[in-house]
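Sequences listed follow chains A and B, in order. Going by the numbering used here, the residue at position 254 of the first sequence is 254; the numbering climbs one at a time, nothing skipped. Going by the numbering used here, the residue at position 27 of the second sequence is 27; the numbering climbs one at a time, nothing skipped.
Read the hints as simulated data drawn from the structure, not as lab findings. There may be inaccurate statements among the hints.
Think about it this way: if two alpha-carbon atoms lie no more than 35 Å apart in a straight line, the pair counts; the simulated DSBU-like pairs of lysine-lysine are [to be verified]:
{"hint": "1", "chain 1": "A", "residue 1": "350", "chain 2": "B", "residue 2": "19"}
{"hint": "2", "chain 1": "A", "residue 1": "350", "chain 2": "B", "residue 2": "45"}
{"hint": "3", "chain 1": "A", "residue 1": "237", "chain 2": "B", "residue 2": "129"}
{"hint": "4", "chain 1": "A", "residue 1": "400", "chain 2": "A", "residue 2": "237"}
{"hint": "5", "chain 1": "A", "residue 1": "350", "chain 2": "A", "residue 2": "58"}
{"hint": "6", "chain 1": "B", "residue 1": "19", "chain 2": "A", "residue 2": "58"}
{"hint": "7", "chain 1": "A", "residue 1": "400", "chain 2": "A", "residue 2": "141"}
{"hint": "8", "chain 1": "B", "residue 1": "150", "chain 2": "A", "residue 2": "350"}
{"hint": "9", "chain 1": "A", "residue 1": "141", "chain 2": "A", "residue 2": "37"}
{"hint": "10", "chain 1": "A", "residue 1": "350", "chain 2": "B", "residue 2": "129"}
{"hint": "11", "chain 1": "A", "residue 1": "392", "chain 2": "A", "residue 2": "58"}
{"hint": "12", "chain 1": "B", "residue 1": "150", "chain 2": "B", "residue 2": "76"}
{"hint": "13", "chain 1": "B", "residue 1": "45", "chain 2": "B", "residue 2": "19"}
{"hint": "14", "chain 1": "B", "residue 1": "85", "chain 2": "B", "residue 2": "19"}
{"hint": "15", "chain 1": "B", "residue 1": "45", "chain 2": "B", "residue 2": "129"}
{"hint": "16", "chain 1": "B", "residue 1": "19", "chain 2": "B", "residue 2": "129"}
{"hint": "17", "chain 1": "A", "residue 1": "58", "chain 2": "A", "residue 2": "141"}
{"hint": "18", "chain 1": "B", "residue 1": "76", "chain 2": "B", "residue 2": "19"}
None of the values given here were measured: they were computed from a predicted structure.
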Amino acid sequence: MSEKKNNIFSTLSSMPAAIWSSVFRNNLPYTDLGRSKTSFNNFFLHIHPVKVHRHTLKPWFTMGLGLISLFLFLILVVTGVLLMFYYVPSTAQAYDRMLDLRGSVAFGVFLRNMHRWSAHGMVAAVFLHMCRVFFTGSYKKPREFNWVIGVILFLLTLFLSFTGYLLPWDQLAFWAITVGTAIAGYAPVVGEQMRFLLLGDTTVGQEALLRFYVLHVAVLPVVMVVLIAIHFWRIRKDGGLSRPEEADIVEPAAVGTVLATPAPAMAMATAAGGINVIEKKNYGIQGLVRGPFAKVGNVPDNSVFSYPNLLLAELFVFILTVLGVLLVSAFFNAPLEEAVNVLHPPNPAKAPWYFLGLQEMVSYSAFWGGVGIPAIEVLVLLLVPYFDRGQKGVGKWFAKERLLANTLFLTFVVVNIVLIIIGTFFRGQNWEFVSPF
Amino acid sequence: MSEKHNAQEESSEPISRRKVLAWLTSMGIMGSAVVSVFSNLVFIKPRATYGQPTRFSIGTPDDYPPGTRIALGDQKVAIIREGSKMAAISITCTHLGCIVGVSETGFACPCHGSRFDQDGNVTGGPAPKPLPWYELSMAPNGELEVDKGKEVTAGKWFTV
Ligand code: HEM
Ligand code: FES
Chain A
1 MSEKKNNIFS TLSSMPAAIW SSVFRNNLPY TDLGRSKTSF NNFFLHIHPV
51 KVHRHTLKPW FTMGLGLISL FLFLILVVTG VLLMFYYVPS TAQAYDRMLD
101 LRGSVAFGVF LRNMHRWSAH GMVAAVFLHM CRVFFTGSYK KPREFNWVIG
151 VILFLLTLFL SFTGYLLPWD QLAFWAITVG TAIAGYAPVV GEQMRFLLLG
201 DTTVGQEALL RFYVLHVAVL PVVMVVLIAI HFWRIRKDGG LSRPEEADIV
251 EPAAVGTVLA TPAPAMAMAT AAGGINVIEK KNYGIQGLVR GPFAKVGNVP
301 DNSVFSYPNL LLAELFVFIL TVLGVLLVSA FFNAPLEEAV NVLHPPNPAK
351 APWYFLGLQE MVSYSAFWGG VGIPAIEVLV LLLVPYFDRG QKGVGKWFAK
401 ERLLANTLFL TFVVVNIVLI IIGTFFRGQN WEFVSPF
Chain B
1 MSEKHNAQEE SSEPISRRKV LAWLTSMGIM GSAVVSVFSN LVFIKPRATY
51 GQPTRFSIGT PDDYPPGTRI ALGDQKVAII REGSKMAAIS ITCTHLGCIV
101 GVSETGFACP CHGSRFDQDG NVTGGPAPKP LPWYELSMAP NGELEVDKGK
151 EVTAGKWFTV
């Protein structure tokens, strides 16, 4: 290099490499040091820990449901922003804009399908993710608060999809907004005020559409992004995903230099005799990090490098998610009902499937079905980790020690699914009981 | 901020100038936060609304021959005439606000299955209250007027 310093050709010919290496600080890594640095120096990768526990990578443990939720959310952001280029939040125009997507916008229908089906998928994925977290006892100390954030994320997901399906201003939208805000009106004390704030008027109309639009495209997504960021941050700070105690046992011979390992391994290490466990010195390449993953050097334990192990797993889930959404969107069109007719609700007027359980409950009592019981359910969900504080059975599906808790939760899940099934298949004209058979 | 300074701080009387300032500052910040949340709520609460007027004309009695049971969509009332008696009954379901269907035998709601008899009394379903009756009156020009701002007791007919 030095002899050719002034040669314009060599400057030019080495320019791509110079640019490349300034953007990507590391070459593709072939050593452990390289693998840590890659995770560390890249903005997108540094969300990951440098190393990840083997147990976390077992596909059946998480079933990738949290990741699927995240990827569906990302798909929703991208397709949603694209749809915004054509959408107008006006009662006079919104519905026509939906028809335009069919008629005069390239890929219009396809994007709308992707957006709608991803939204349905996200409700399902987030709910299933919550089930997996419960059935594996993963909300226990120190993860209590991440469960609470999760419950809020679930509610946000529902509210996002609710505000979303109002936007086409078709029959479904109009009657959903009518019924939904009327339910809010039943809340004690603040109910009527809340309804007025949501609608921006005394009746459902232009003001309401504008308000739900702002909530849907600006307020709620921003809150969601912030909370997802905290959710992920806390997973790291809580020492990665939960896992059973056995998962941390390493062959005694290899334990020698393990520092700051979780209790059982530590106990074994001390039992093995003559080993200096310097508890304070648990900093590593990440700087000073509390928790089971901070260690000096590359010590044998049950963890592997995130790059490439975790990344490949994530890539796999990502591809599956995108593929699923693309396939469904290619074969099924997102529903669009008739234009709003303020005199005739469709008969029967049904919400999307995930709200049909609620609709079924509301058809017995507006207050109890729409406000009372849901409020109690949310409150109990939020408090779950503070009721159930035993430390047994963490990180295992359907652990024997958690039979009672799991049975209760399973009942809750089954009851809600049964209500949804009744609302979907057993209700006909005028919400009368019909048999689908 | 030296060590010596801190030591002095701790040994001085319980309410030092620094403590008072810290207290005032935090009260100021918290107060501003409360005020700003409150003013944001005031901001998003509209002062003027664009809803329909509560009083409106529905034409002359001749437009509604005896036996009429008809729903007016924009105004969301049903106009009913039996002989020379007339009434205006709301068609907004008292359950969750869907528009009920009007038939010979009463009203039925498609949303969660509430049923009402001819006078708007609940006969089934989750509706908590009967459909309200509104005041009907005759304007000087001979047209009927409904005032949705004024409910009258069910069964209080207007004679034309
Ligand atoms: C927008 C919705 C959500 C997203 C994007 C999301 C994402 C994730 C991801 C990617 C993980 C890593 C493990 C996995 O894939 O299972 C995770 C873990 C976790 N999530 Fe969520 N989640 C969401 C909602 C929820 C909900 C509704 C709950 C529960 C009420 C919850 C509670 C938890 C807990 C406690 C963990 C740690 C689990 C463990 O340590 O094993 N999350 N989340
Ligand atoms: S809105 Fe009429 S029954 Fe619910």
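Structure-based check of each hint:
| no. | hint | result |
| --- | --- | --- |
| 1 | A/350 <-> B/19 | 60 Å, violated |
| 2 | A/350 <-> B/45 | 30 Å, holds |
| 3 | A/237 <-> B/129 | 53 Å, violated |
| 4 | A/400 <-> A/237 | 28 Å, holds |
| 5 | A/350 <-> A/58 | 40 Å, violated |
| 6 | B/19 <-> A/58 | 54 Å, violated |
| 7 | A/400 <-> A/141 | 19 Å, holds |
| 8 | B/150 <-> A/350 | 33 Å, holds |
| 9 | A/141 <-> A/37 | 31 Å, holds |
| 10 | A/350 <-> B/129 | 23 Å, holds |
| 11 | A/392 <-> A/58 | 21 Å, holds |
| 12 | B/150 <-> B/76 | 15 Å, holds |
| 13 | B/45 <-> B/19 | 39 Å, violated |
| 14 | B/85 <-> B/19 | 77 Å, violated |
| 15 | B/45 <-> B/129 | 28 Å, holds |
| 16 | B/19 <-> B/129 | 59 Å, violated |
| 17 | A/58 <-> A/141 | 22 Å, holds |
| 18 | B/76 <-> B/19 | 63 Å, violated |
Checked against the numbered hints listed earlier, the structure breaks hints 1, 3, 5, 6, 13, 14, 16, 18; every other hint is satisfied.
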